[in-house]
Amino acid sequence: MEIPSKYEPHRVEGQWYEYWTKHNYFHSTPDDREPYTIVIPPPNVTGVLHMGHMLNNTIQDVLIRRARLMGKNACWVPGTDHASIATEAKVVAKLKEQGIDKKDITREEFLKHAWDWTHEYGGVILEQLKKLGCSCDWERTKFTMDDNMSASVIKVFVDLYNKGLIYRGYRMVNWDPEAKTTLSDEEVVYEERQGLLYYLSYKIEGSEETVTIATTRPETILGDTAICINPNDERYAHLRGKNAIVPICNRIIPIIEDEYVDVEFGTGCLKVTPAHDINDKALGEKHNLETIDIFNEDASLNSFGLHYEGKDRFEVRKSISKELEEKGFLVKTEQHINKIGTSERTKAVIEPRLSDQWFLSMEELAKPAIKAVLEDDDIKLFPKKFENTYRHWMENIRDWNISRQLWWGQQIPAYYYGDGQDDFVVAETEEAALDLARKKSGNSNLTLKDLKQDADALDTWFSSWLWPISVFNGILEPDNKEIEYYYPTNDLVTGPDILFFWVARMIISGYEYRNERPFENVYLTGLVRDKQRRKMSKSLGNSPDALQLIEDYGADGVRVGLLLSSAAGNDLMFDEALCQQGKNFANKIWNGFRLVKGWEVADLPQPEASKLGIEWYTSKFNKTLEEIEDHFSKYRISDALMAIYKLVWDDYSSWLLEIIKPAYQQPIDRITFDAVIHIFEENLKLLHPFMPFLTEEVWQHIAERTPEEALVIAKWPSVQPVNEDLIEGFNFAAEVIAGIRTIRKEKNIPMKDALQLAVLNDGDISRDWDVVIAKLTNLSAIDYVDSAVDGALTFRVKSNEYFVPMVGAIDIGAEIKKLEEELEYIKGFLVSVRKKLSNERFVANAPAQVIDLERQKEADAIAKIDTLEKSLASLK
RNA sequence: GGGCUCUUAGCUCAGCUGGUUCAGAGCACCUGCCUUACAAGCAGGGGGUCACUGGUUCGAACCCAGUAGGGCCCA
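Note that UniProt numbering numbers the first sequence so that position 503 is 503, with each residue one more than the last.
Please keep in mind that the hints were generated in silico from the structure rather than gathered at the bench.
The reader is advised that the hints may include incorrect statements.
Below, computed lysine to aspartate or glutamate pairings styled on EDC-like, alpha-carbon distance capped at 16 Å [said to hold, decoys possible]: (1) K798 / D753; (2) K180 / D32; (3) K870 / E822; (4) K94 / D104; (5) K775 / D753.
Quick list of the computed label-pair ranges, beta carbon to beta carbon [unchecked claim]: (6) V601 / R741: 25 to 35 Å; (7) L604 / S838: 39 to 49 Å; (8) Q849 / V188: 54 to 64 Å.
Backbone N, C-alpha and C define an ideal beta-carbon position, used for all residues, glycine too.
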């Protein structure tokens, strides 16, 4: 069979993914095995695969594939969320292209368009995950607006309302005037912008006096209902109890006093606009001020805007400042940098706005979630440093505004039957609502037509906070077999940017609805940044095309590249060179396979070197496996990968294969061949979670396999005893080999010219490894001698001295110099060790183990000095 | 402004309980090699005041305090 010299990922990836799905390896049903469950952080339906998803999902796939190999019943539930704001924005834009305005169609018509859109594009990202190799149970794919999922959300809303935890409140919210909806604090991005600070003078009623205030938003003066001064500020003491007149609208407003005012900022005198600033609202409530809202929902001015009615806020800012200037109210302007909130989705400047919203009261709900993470360690965060961030947020938790002024999403199940503030009921169905409404109103004549459902939809997170429960239908049927089996899930892998948005809220809902944690471990990945440390984002255009990367480097190469340098919770500075490294590694493995596959096998006696090499590698493998397991247990995924990388590249390819390699065109003995095939297969198992496609391809090339024998469901190796002597012996031999190679290199002696080696075995090192040393360095003989050999180049390993006889002149002077340098170094080392040992307090305080070590160092140094001195003497 | 966190080789990062895993890894770099699996490779090599200043300790990259500079979260 002709095997190409390069691994060709695009030729095999699709084929193996199809094979895996055809045989249903990724599908899970409850059985007697221990479950291992991950729920995917549902990507947004509008999303396309980006670097963050790739990192995130690669890690999940590594975890789930390893669990599968370990014989657990591995279940990775995929799905998407409906992303109300983002999706609605996309659908609105698409309709606009078709000349349809959202205002002109009904809710039902709009939702139909939204569903069409979802059906068309919603599955794109999931298909892309398959390209990456993700072994999700696709039969379980969920969408946050599936019937059951929506019913769960509504049921939870009604339940929380009935528990008194959901309430309706008139609050200042972050209003996105473009999307015409409320945003949560977390969806607001604060940006620094250069603006102006306007100094405006207000007349004092009944006098010629004026007072000057500073504001960044002159257009809001039309909503002013007070001027506020600090009671401790003597500059304004004469204004106490007086009224001011708002320019342009000539409203008469009181001058109030409050210590809230910062006397240092601006003029130390503040205009108060309770409808348009959160702090002003607080002042307004405290001092019983009138609240005047001057904006429409699109942030154009309403009738309070007088002659500016209908104009946009930014336009009005320009024109009103001009008018103020012309009328002499504008004292001056200053450059001013202020932080303004913008919408994460639409980029519009957020307008603080008062409106009726639904809130979930969080304080009580949060308690078990605080305890689980911070006190009981019931849920563990990796890395641990995020616990502090978590604590800070949870202990200062604010009520969750769960309503959104959107159509796409679950409509709030509140039904109004009258005009009063309290004339509404909350129920899962219209019929139930009608019953309740009749009872509550005492009007038994109410009909469905009298009920009007709240127009708002629920925040998307109010769906996804139930995700680990609702994907197993655990809200609607809390005792069903699946939820009982799969819940609590094991690991959650997500970005730290949604620790509060999502993770904390899932923990809260988990305890509220299952009385149990939703997952045991939370692995928080870093953010993927570019080389200039900028966050990768669509708007910056600095994110590479994920699918193109897979095309260029193979899915395995990209997976390895992403994982190589992404310690948990640390941002990953993405560099395509890492994918190249991954691709190179794939090729290395491929060629390791080609070499072995090319050997002809014969019934020959096993060479000693091969036997020893196999025994050594077996120990090395198990020692490394132990480290790998330790790394996995601590979610040090990149360390686990690096350990495997070095094992396969250095120990297996560079050492073992060279040790057992038969001479050119010679066959290999069967014992060694069988052993190395077994070893190779064990390596592939360790590699499989990281590089699923390549490893399955090679695995299937090694032998004919039945579907039951596929690598994807093979058995992960268990740690076997390690023979440390073999590992030490090898390490020593490797140093000898390096010494000989250095001599070859220095003297330009080609590998094909055999060398002789003489050993002064002062360290009494076992001769077992001589066969390996001879093979890897092409020695014709190894002689054991009692004294230094003349006319040879030398090197030393520990207290052993090695001689390579040279025909031709040896530069005695250079040899002496080399020896003297080594001697000087080791003497200095001995001095430092002895200094330590002669320190009484060290000997008294340090643990015995440490002292023994120092004594060993001392003995080794003395032995080596002895060797060096003897050699020097013989040379001189 | 408040809280958290970080600073180790050219780059990206490990370094877990203070002591042989103590100054490491990978990449990059330099020098040889088109050696028969792999030049996407092989063999060898150089490179760090562990941000700075002090303290604790027999012993500090690690603990404590301060300084400087990044980052994150909150306001």
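Evaluation of the provided hints:
1. K798 / D753: Since the Cα atoms of K798 and D753 sit roughly 27 Å apart, the hinted pair is violated (cutoff 16 Å).
2. K180 / D32: violated (51 Å)
3. K870 / E822: holds (13 Å)
4. K94 / D104: holds (14 Å)
5. K775 / D753: holds (13 Å)
6. V601 / R741: 25 to 35 Å: Between V601 and R741, where Cβ atoms are some 30 Å apart, the hint holds.
7. L604 / S838: 39 to 49 Å: violated (59 Å)
8. Q849 / V188: 54 to 64 Å: About 56 Å separates the Cβ atoms of Q849 and V188, which means 54 to 64 Å holds.
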